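2 protein chains.
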Amino acid sequence: MSTIEDVAKLTGLSRTTVSRVINNHPYVSEDKRKLVIEAMNKLGYVPNSSARSLRNQKTDVIALFVPRITNPFFSQLVESTEIAAADHGYQLIICQTRYSPEKELNYMNLLKTKQVDGVILASLQNDWEKIEPFLDYGPIVLCNEFEDRANVPTVKLDQVYGGYIATKHLIEQGHTKIAYCCGGYRSNVAKSREIGFRQALSEHKLSFDERYAFRDAFNIADGKRVFQKMITLPDPPTAVFTGSDEVAAGILSEARKHGYRVPEDLAIVGFDNQAITELMDPMITTVHQPVKEMAQKAVDIIVEKIQSRKYRKKEIYEFPLQLIVRESTVSKKLAKA
Amino acid sequence: MSTIEDVAKLTGLSRTTVSRVINNHPYVSEDKRKLVIEAMNKLGYVPNSSARSLRNQKTDVIALFVPRITNPFFSQLVESTEIAAADHGYQLIICQTRYSPEKELNYMNLLKTKQVDGVILASLQNDWEKIEPFLDYGPIVLCNEFEDRANVPTVKLDQVYGGYIATKHLIEQGHTKIAYCCGGYRSNVAKSREIGFRQALSEHKLSFDERYAFRDAFNIADGKRVFQKMITLPDPPTAVFTGSDEVAAGILSEARKHGYRVPEDLAIVGFDNQAITELMDPMITTVHQPVKEMAQKAVDIIVEKIQSRKYRKKEIYEFPLQLIVRESTVSKKLAKA
DNA sequence: CTGTTAGCGCCTTCAG
DNA sequence: CTGAAGGCGCTAACAG
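Quick mapping for you: the protein sequence lines, in order, are chains A and B. Counting along the first sequence from 1, when you hit position 188 you're at 188 in UniProt numbering, and nothing is skipped either side. Counting along the second sequence from 1, when you hit position 121 you're at 121 in UniProt numbering, and nothing is skipped either side.
A couple of the hints might just be wrong.
What follows is a set of in silico ranges between Cβ atoms, one per label pair, in the way DEER data are often shown [to be verified]: (1) Phe319/B - Asp209/A: 47 to 53 Å; (2) Thr16/A - Glu102/B: 28 to 34 Å; (3) Pro101/B - Glu5/A: 28 to 34 Å; (4) Tyr99/A - Gly44/B: 25 to 31 Å; (5) Arg149/B - Ser2/A: 37 to 43 Å; (6) Glu38/B - Ala213/A: 45 to 51 Å; (7) Thr113/B - Arg33/A: 52 to 58 Å; (8) Leu233/A - Gln322/B: 36 to 42 Å; (9) Arg149/B - Met1/A: 21 to 27 Å; (10) Arg33/B - Arg33/A: 51 to 57 Å; (11) Gln322/A - Phe319/B: 39 to 45 Å; (12) Pro101/A - Ser29/B: 54 to 60 Å.
A few chain B positions that, by computed beta-carbon distances, are all more than 12 Å from chain A [stated by the list, open to error]: (13) His25; (14) Pro234; (15) Gln322.
These aren't lab readings, by the way, just hints derived from the structure by calculation. As the structure is a prediction and not an experimental result, all values here were calculated from the model. Note that the Cβ used here is the ideal one computed from N, Cα and C, for glycine as well.
Please build the complete structure, drawing on both the sequences and the hints.
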């Protein structure tokens, strides 16, 4: 466990000079530089990062908050964020809030204790007022999730539009009884999709039926459960808009089990364009989200904020969403015609 | 950004006493303790973690190496590891090697620079000889992946048995032409499964047919590709053993597209027991891996090693695997009978 | 171009 | 029960 001092001694130079070599400073003669590098190799010397962090007041680590990493949307986000962060020389700490405000707040202390240089929030469990004070300690960037009151950079997708195009597509297939099936009461992502959903409805003189609304569907099991409930309804819907491909797949699988034909008896549209959509039979119509671009942008921004040290400015970066029509909404014969 | 000094001044006490309060030391009078806590709250004081790390020679961070986090097996592993780590008061840094030995080696420097207290390797891209020297700097635990020459704790699953039971099951369904379709030439996980595969074969007087072997299948697209190749074979297999549910799903989906009936024309067995196996039609027979238990154990061990400072002892912890029979290997009528 | 010096914020002997 | 002082390893003035 050699230190800079050891290298200095071995070369007969000062710690300063060694430090200069480490940090690629100019004004070091070529021969001394070589001498130092040689000594570092001989000793297997590597700078201690805690010492550097303490001295430089930065850790080169950022934290990414997600509810659960096993949600494929978020694992994609984590993957892309990790790659983008590594490109900038940053390590990534994963914080799974598991939808708990307490856990989220607790992880926020990473910023206060200076264990990370910045935080990317891909989900938000607390009121913004609880989060805002942490801006005293470092930058926060919202990525995916968003919040009107948040005075920070936000990288998001146009979820209203996403809800809109998916629903409009369903309406254009002739459906009038369309269920709404999303997850998260407090999430603005879900709220926006609902706005888009309602917008498409009202544009076509259809009204929102609260009996068709399910707002607690996150995963496959939820999808199955929702299907069960739906079919017990007096006048069941003929189509369903969902907030994730997992939910859509759950509904689809349960529908199949009950002998329902998709899309003839029930049309289903998913969200995220996960791999599963192309695996299911029928393949699931969905909304593609440019996760990679969003993650990349979020990292670019937080890196920039870490340097500029201006944290409290609201800037919105919005990426477009795209409907991908497959078989779960359009009967195969028609689609192939 | 207050420091311990600020708290000391505000209370009129010394830094030492404040430090004692922070670290729950005994021998601090109750009133002074309260005084300090009050002052900390007033100032919003939180200890600086870089300074603590430097002083204490530990970071309370561990690194987890995975090839890619979007592989559902690994995202499950990450999820469980993060939770277990948090329970022990550790943060988790994610290192995606993307199957690159260089990236892996590069991330290993986290140990050398003392940015992390320990490393959990869930995959291994380098020869052990390249990894071993890092044991000078901290503990390494193998989790999932393993290696004979590795002189470190290893938490693994009985992959030989996994390959064996899956293959045996296929044979018992009457198959004699069984394809082997796994990922990773260097991975001992894959190698072990092949051993189990061959073992089942030879126990039933069947021989391994190299034409039926595909060792570069990792994901859905690979599965599709493999199916295409398989059906062009002169005497194509009637069953296929795969190393992951994604590959199995890819094969299944492609088979369906080509009008093959599963399991009648082609029986398929997956690996991992991912959610997708119950979503596909037919549902996929697979091998369940107790990921959560494995992750939990790996964290327990690395935490213990960090404390004990003995890194170079080989210990094997093996968890059992379990065959889960579904529809992709047993025709529905029979299964329901 | 190189070295001396003073901390970054914290904890831990060692003395009271 | 409390405090003074040194140092973890590194870098950035400030002098030469």
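Do the hints match the structure? See the list:
For the pair Phe319/B and Asp209/A, the beta carbons lie near 49 Å from each other, so the given range of 47 to 53 Å is met. For Thr16/A and Glu102/B, the hinted distance range of 28 to 34 Å is satisfied, since their beta carbons lie about 32 Å from each other. Taking 28 to 34 Å as the suggested C-beta distance range, the pair Pro101/B and Glu5/A conforms, at roughly 33 Å. A beta carbon spacing of about 27 Å between Tyr99/A and Gly44/B agrees with the range 25 to 31 Å that was offered as a hint.
Distance hint check for Arg149/B and Ser2/A: the Cβ-Cβ separation is about 27 Å, which falls outside the suggested range of 37 to 43 Å. One distance hint, 45 to 51 Å for the beta-carbon pair Glu38/B and Ala213/A, holds here, with the actual separation near 49 Å. At roughly 21 Å, the beta carbons of Thr113/B and Arg33/A sit outside the given window of 52 to 58 Å. A beta carbon spacing of about 39 Å between Leu233/A and Gln322/B agrees with the range 36 to 42 Å that was offered as a hint.
About 25 Å separates the C-beta atoms of Arg149/B and Met1/A, a value consistent with the hinted range of 21 to 27 Å. Between Arg33/B and Arg33/A the beta carbon distance is about 52 Å. The supplied range of 51 to 57 Å therefore holds. Checking the proposed 39 to 45 Å range against Gln322/A and Phe319/B shows it holds: the Cβ atoms sit about 43 Å from each other. Between Pro101/A and Ser29/B the beta carbon distance is about 36 Å. The supplied range of 54 to 60 Å is therefore violated.
Listed as outside the interface, His25/B is consistent with that label: its C-beta sits roughly 19 Å from the nearest C-beta of chain A, beyond the 12 Å cut-off. Taking the minimum C-beta to C-beta distance to chain A, about 29 Å, the non-interface status of Pro234/B holds against the 12 Å cut. Listed as outside the interface, Gln322/B is consistent with that label: its C-beta sits roughly 20 Å from the nearest C-beta of chain A, beyond the 12 Å cut-off.
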